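> Chain by chain, the residues run as shown.
There are 2 protein chains.
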Amino acid sequence: MNRDRARQIVLAARPNGRPSLTDFRLEEADLPMPGFGQILLRVQYLSLDPYMRGRMDDRKSYAEPLQLGDVMIGQAVAQVIASNRPGYSVGDIVLAQTGWRSHALSDGTGLRKLDPATAPVTTALGVLGMPGFTAYAGLRLIGKPKAGETVAVAAASGPVGSLVGQLAKIAGARAVGIAGGSQKCDHVKNELRFDAAVDHRSADFPARLAAVCPNGIDVYFENVGGAVWQAVLPLLNNFACVPVCGLIAQYSGVGPNDGIDQLPATMREILSKSLTLRGFIYSEFVEQHYSEFLREVGALIANGGIRYREDIVDGLERAPEAFIAMLEGRNFGKALVRVSA
Amino acid sequence: MNRDRARQIVLAARPNGRPSLTDFRLEEADLPMPGFGQILLRVQYLSLDPYMRGRMDDRKSYAEPLQLGDVMIGQAVAQVIASNRPGYSVGDIVLAQTGWRSHALSDGTGLRKLDPATAPVTTALGVLGMPGFTAYAGLRLIGKPKAGETVAVAAASGPVGSLVGQLAKIAGARAVGIAGGSQKCDHVKNELRFDAAVDHRSADFPARLAAVCPNGIDVYFENVGGAVWQAVLPLLNNFACVPVCGLIAQYSGVGPNDGIDQLPATMREILSKSLTLRGFIYSEFVEQHYSEFLREVGALIANGGIRYREDIVDGLERAPEAFIAMLEGRNFGKALVRVSA
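Order-wise, the sequence lines are chains P and W. Just so you know, we're using my numbering here: the first sequence kicks off at 184 and counts up by one. Just so you know, we're using my numbering here: the second sequence kicks off at 184 and counts up by one.
Hints were generated in silico from the structure; no laboratory data involved. All of these numbers come straight from a predicted model, not from anything done at the bench. Just so it is clear, CB atoms sit at the ideal spot from N, CA and C, and this is done for glycine as well. Hints are not guaranteed to be accurate.
[To be verified] Here are some, though not all, of the chain P residues that point toward chain W, as calculated from beta-carbon distances under 8 angstroms:
| hint | residue |
| --- | --- |
| 1 | Glu247 |
| 2 | Leu249 |
| 3 | Leu251 |
| 4 | Ile256 |
| 5 | Gln258 |
| 6 | Ser272 |
| 7 | Val273 |
| 8 | Gly408 |
| 9 | Gln445 |
| 10 | Pro447 |
| 11 | Leu454 |
| 12 | Leu458 |
| 13 | Leu460 |
| 14 | Arg461 |
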């Protein structure tokens, strides 16, 4: 195993708005040796997720910001390649918080063993992982659509949005997806079986969205913010619920600044339509609901009742470009980096 | 009774921002005669409430807008002065949707008889009426503060805010009131027995508010919006709840427009702190909860456990100026017009 060198990607500079490649730096080092009670992991797949953008800023969100020189955080599927710890054998596959690394030491804290026979291991980073559970928690535990109601979700071809719509259908609701470009919209409608899909890049997007929501919107699963929110707002029905799980359109602090304060209009709609906006992070619900999620969605994955799509790039060194592409909506499915075979 | 003339105040023009006296017109007419099954009411007290501002605009909110020439809407305490309807006798006191009138005909629809022996009849327009029930519903059924938590409310000397804080105290929470001017703040702290009161007109208002909320804010009862919201937002704790019952600071569409879009910051806080914003209108809760409210708060009024204050002006013709004063925060207590003795 010592033929390998360990590689990692660190935060080289804080982005000003959109991240660029120079905000990241690839570093190499000798492979670490597992000490007493430790195991050495070789990362197979690294997950790229929008929340990572927030951690690059020097601003406390629900977690502490990264410091310059810190390894970028992230979850990965990894293989045990050396073990000094009972219960872990070489060859075991685990879900781990390795960060953007090729190899990582662990004392077992926070690891979860994966069984490749149950589901492809990459699903633990997507539809059966944090993004999938985020969709499940936001829709089932907050949005709670009733049969016949309309559920709308943006980034509908992504790992969260795609599950939101499919779970909405299972609940008997209409699912309306919003995605960027006709290819993604086709996928959302034909492959993911949403009732409708609308391209947010089309010039008349607000009118198109209204046209496919003839009875308004009862649950809007918010994961983008920005212009999509402005188009959704007038379509929300009385007592509509908005689980707020992400705001990718505003993470980089850029967007149309036309000097208009949009807050009063949003507050007015909250008041006059008795809306509920509820921010959430999946971790709030893990203890009580993660096992039921794994059981239910795991079975649906196995029998084809739920579909998912992955967008995999090869090589840890390509993580920065893939991450930037994802923030700009240029991925098509759950963004993953294949770090080793 | 025919010595009287009937008077009413109609919407003469739609306000552009703040209403002015010329947006209203006083009209006189002969007293109407009650027909078969009708009663004639003489208004004693007219209630002035912020929601009326919204109805003056040509924009659908939760109710239809007024048309030019329509009598201004409003609730009143009135006395039966002629009756052709079984069950109503001359001298009966009722709560009625008369609008801004000196006299009104009614077929009994929507009337509620008041017993002056139980509580002063004006309380049916304030602490035991729609404003009081709004406070009760928003705090008890949405905000749900726990003992030891901090509840903040603006317009704290007004009919809604004053009850919000007093109910918070009864729930074992800390009550922080926000009001305009030292006289109102003194009243909120000393008479209404809030834990703290902060003057939103003070230059360092955000810092003062932070100083009296050392453990942050768990429930913010939103009835003003605008600059107060901006000061509250950074103080909200994780999982804080914000019942949104009014936005008086933005009803007239005027305010600091410094070209900054405040929506992204609010959405970011909703997300990163798992906040709940819930708009509501009291009517949603009337059927299930109004009797318990009357019983509970009625008893507290009777035994002095809840205090209230009224700001009464004399004469229907002064309703427009009193209404404008209330929108600008120049009232001190529940705004009422004494229309007849």
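> If any of the earlier hints don't hold here, list their numbers in rising order.
Result: hints 1, 2, 3, 4, 5, 6 and 7 break, sorted rising.
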